[in-house]
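If you want the building blocks of each chain, they are given just below.
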Amino acid sequence: MPTLFDKIWDAHVVTRAEGGPDVLYIDTHFIHEVTSPQAFDGLRRRGIPVFRPAQTVATADHNVPTLDQHLPIKEALSRKQVDTLIRNCADFGLELYGLGHPYQGIVHVIGPELGVTQPGQTIVCGDSHTSTHGAFGTIAFGIGTSEVEQVLATQCVLKEKPKKMRINVEGELRPGVFAKDIILYIIAQISASGGTGYFVEYAGSAIRSLSMEGRMTVCNMSIEMGARGGLIAPDEKTFAYVKGREFAPKGADWDRALAHWHTLYTDEDAVFDREYTFDAADIAPMITYGTNPGMGVRVDQPVPRPEELDNESDRKQLAKSLAYMGLEAGQAMQGQKVDYVFIGSCTNSRIEDLRLVADYVKGKQKAPGVEVWVVPGSRQVREQAMAEGLADVFRAAGFELREAGCSACLGMNEDKVPAGKYCVSTSNRNFEGRQGPGARTFLASPLTAAAAAIHGHIVDVRESV
Amino acid sequence: MTPFTTLTSCAVPLPIEHVDTDQIIPARFLKATTREGFGDNLFRDWRYDSAGQPKAGFVLNDATYAGEILVAGKNFGCGSSREHAAWALVDYGFRVVVSSFFADIFKANALNNGLLPVQVSEALLKELFAAIEADPATPFTVDLEAQTLTLDSSGQQAHFEINPYKKMCLINGYDDIDFLLSQTAAIEAFEAGA
Ligand code: SF4
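Chains as they are written, first to last, in my numbering: chain A, 1 to 465; chain B, 1 to 194.
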């Protein structure tokens, strides 16, 4: 009666030390420029090679400019970090989809896009949103740089098996409600720490109804409730998505893989340490008002008042967040003015997201004074957006389609939201200063973000779908 | 990794919950390619204003508080996987972080850098904050072998949990990578059977 998680985890345990963590074998390792340099230094210090170079894929995403990527990076430290990755990959014989490469992009966008991400795998990356890959029925989680070094050196990490949680979302989603709203709703229900210590399986008819892109959006934000990761049992949609992609198995290998993938589900009688069930009909377009992703409400609800909360520390946290955000307790979120709109990040920068936005903004104009950045998750997404004419739609609406990277999701490159300004963002974190020092972030779905760009304030998209 | 056995020190209180890694070390300071120097930017945007001047009122700028132990509100270290957060705390001079619970990835990163996360109950955490407030110089003793945190003035003692393997690593200053490298034969056998 194992769960899907048990099946994959147990199949990857190399040894299980008494009282110690499991030695977990890693099928696929992604690296990027920010969390890898110190790991390569470690290998050099020890004088050891990368153990399985073919199982690590590198890209440059966090720290890259999203304009004029063909020119040398202006900022010296960013350039050095990207150059260091190039040198490390060359020295250690690793595949790099760096700047200028047709496969470059946000690490969690390119893995699935290239068919590197496949059901049943264990996947790690020095990045907490590695959970995104769980959408394919993989155990995928973020690790620190010391662990990046361990994976480079041995293709393994040492981990205690986490507890298991299942989150069921049953029923049909209402119009104007998207995968992003589902996950923001779940986090608002169970809080930004409600998943700590757990690995989550998402299930239920509403989850199954999602496209692969939507499932990635849900799994992506597992970490925002503190969970180690999240996964969804693979099904025909998953297999269809993977099939034919560059690194997907072909021919007889495909048949063998498929036979295995069909065994990847949670047994009927499996038991979870914790289980939640939500009704899809209760979910509405969501918006965050605070400084952690659990501080979200339905877009038609007001900002909570401290006196409505029952414990002192939550009241303090709320007051601190509202002071940072420059919002009043009890104020409406609808109608709240916005200055910037960011459509991008590994949560919502895939072609489906861009199509949805383009579909909505076609023939419309952004509100005066609002700056809108559309940052595709990968070069391939950008190419496709251009081929499909989405780029023209964006241009006509006054939206700027940039080049691929993490961009304003973490404000490590020059794409920063200025202090005090409001940004509706399709990314995953509204922490203080996340999009730039003093920047104020509202997390939302791509459609809610696009509507805010057109109106210049937050609106309920259900009124226009 | 520097071994950790026992530590007696006064503590720095940070009674804020959900301290995320973007607060511990903002992304724009992650551009270094070495592990050193992150302490200068620890809690950067709480510690300094936009002109780089120390903000009065933030605990690291308050000479009343010092020590190698940071006591923080629940869910410390949530957010990104950046090990830079642990490096910044260690580089600044912290050896122990006490909270009522830690985000998973942060905990692993801390342990991999000789920074001991000590998890205590919500109630005890409150008492610790009160004790520091009453006397900022009050010493605490953390004994890893015994897995105890003691408030020296009253003798009040709490037990904390740590994985036995991780405890052994910390006490001896071993890195996981040493252990994993010793397992290469088993890893190759696993690959052959997979
Ligand atoms: S887009 Fe944002 S969350 Fe995703 S990998 Fe990049 S920085 Fe991390």
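No lab work stands behind these hints, which were simulated from the structure alone. Everything numeric in this text was worked out from a predicted model, so none of it was measured. Some clues are possibly wrong.
Said to hold, decoys possible - Derived pair list, reagent style BS3-like, types lysine-lysine, alpha-carbon separation capped at 25 Å:
1. A/Lys163 <-> B/Lys74
2. A/Lys421 <-> B/Lys74
3. B/Lys167 <-> A/Lys337
4. A/Lys161 <-> B/Lys74
5. B/Lys167 <-> A/Lys316
6. B/Lys55 <-> A/Lys161
7. B/Lys55 <-> B/Lys74
8. A/Lys161 <-> B/Lys167
9. A/Lys320 <-> B/Lys167
As the list claims (entries may be wrong) - What the simulated footprint calls covered on chain B by chain A, stretch by stretch (three residues with Cβ under 8 Å from a Cβ of chain A suffice, anywhere in the stretch; the number is not a length):
10. 53-62
11. 163-177
We put the CB at the ideal spot given by N, CA and C, even for glycine.
B/Lys167 paired with A/Lys316 [C-alpha distance capped at 25 Å]: This hinted pair is violated, its Cα atoms lying about 35 Å apart.
Pairwise hint evaluation, B/Lys74 against B/Lys55, where the allowed Cα distance is 25 Å at most: holds (24 Å)
Pair hint outcome, A/Lys161 versus B/Lys167 [Cα-Cα no greater than 25 Å]: Roughly 17 Å separates the two Cα atoms, so the pair holds.
Given hint B/Lys74 paired with A/Lys421 - CA-CA distance at most 25 Å: Violated, at about 29 Å.
Given pair status - B/Lys74, A/Lys161, alpha carbons within 25 Å: holds (23 Å)
Pair hint B/Lys167 and A/Lys337, alpha-carbon separation not exceeding 25 Å: Violated, at roughly 51 Å.
8 Å C-beta criterion, at least three residues: is the region 53-62 of chain B covered by chain A: Answer violated; 0 residues pass the 8 Å Cβ test.
Outcome, coverage of the region 163-177 of chain B by chain A - at least 3 residues whose beta-carbon is closer than 8 Å to one in that chain: holds (count 7)
Straight-line alpha-carbon gap A/Lys320 to B/Lys167, limit 25 Å: violated (36 Å)
25 Å limit on alpha-carbon distance, applied to hinted pair B/Lys55 and A/Lys161: violated (42 Å)
Agreement of A/Lys163 and B/Lys74 with the hint, judged by alpha carbon distance not exceeding 25 Å: holds (20 Å)
Going down the numbered hints, you'll see the structure goes against 2, 3, 5, 6, 9, 10, while the others check out.
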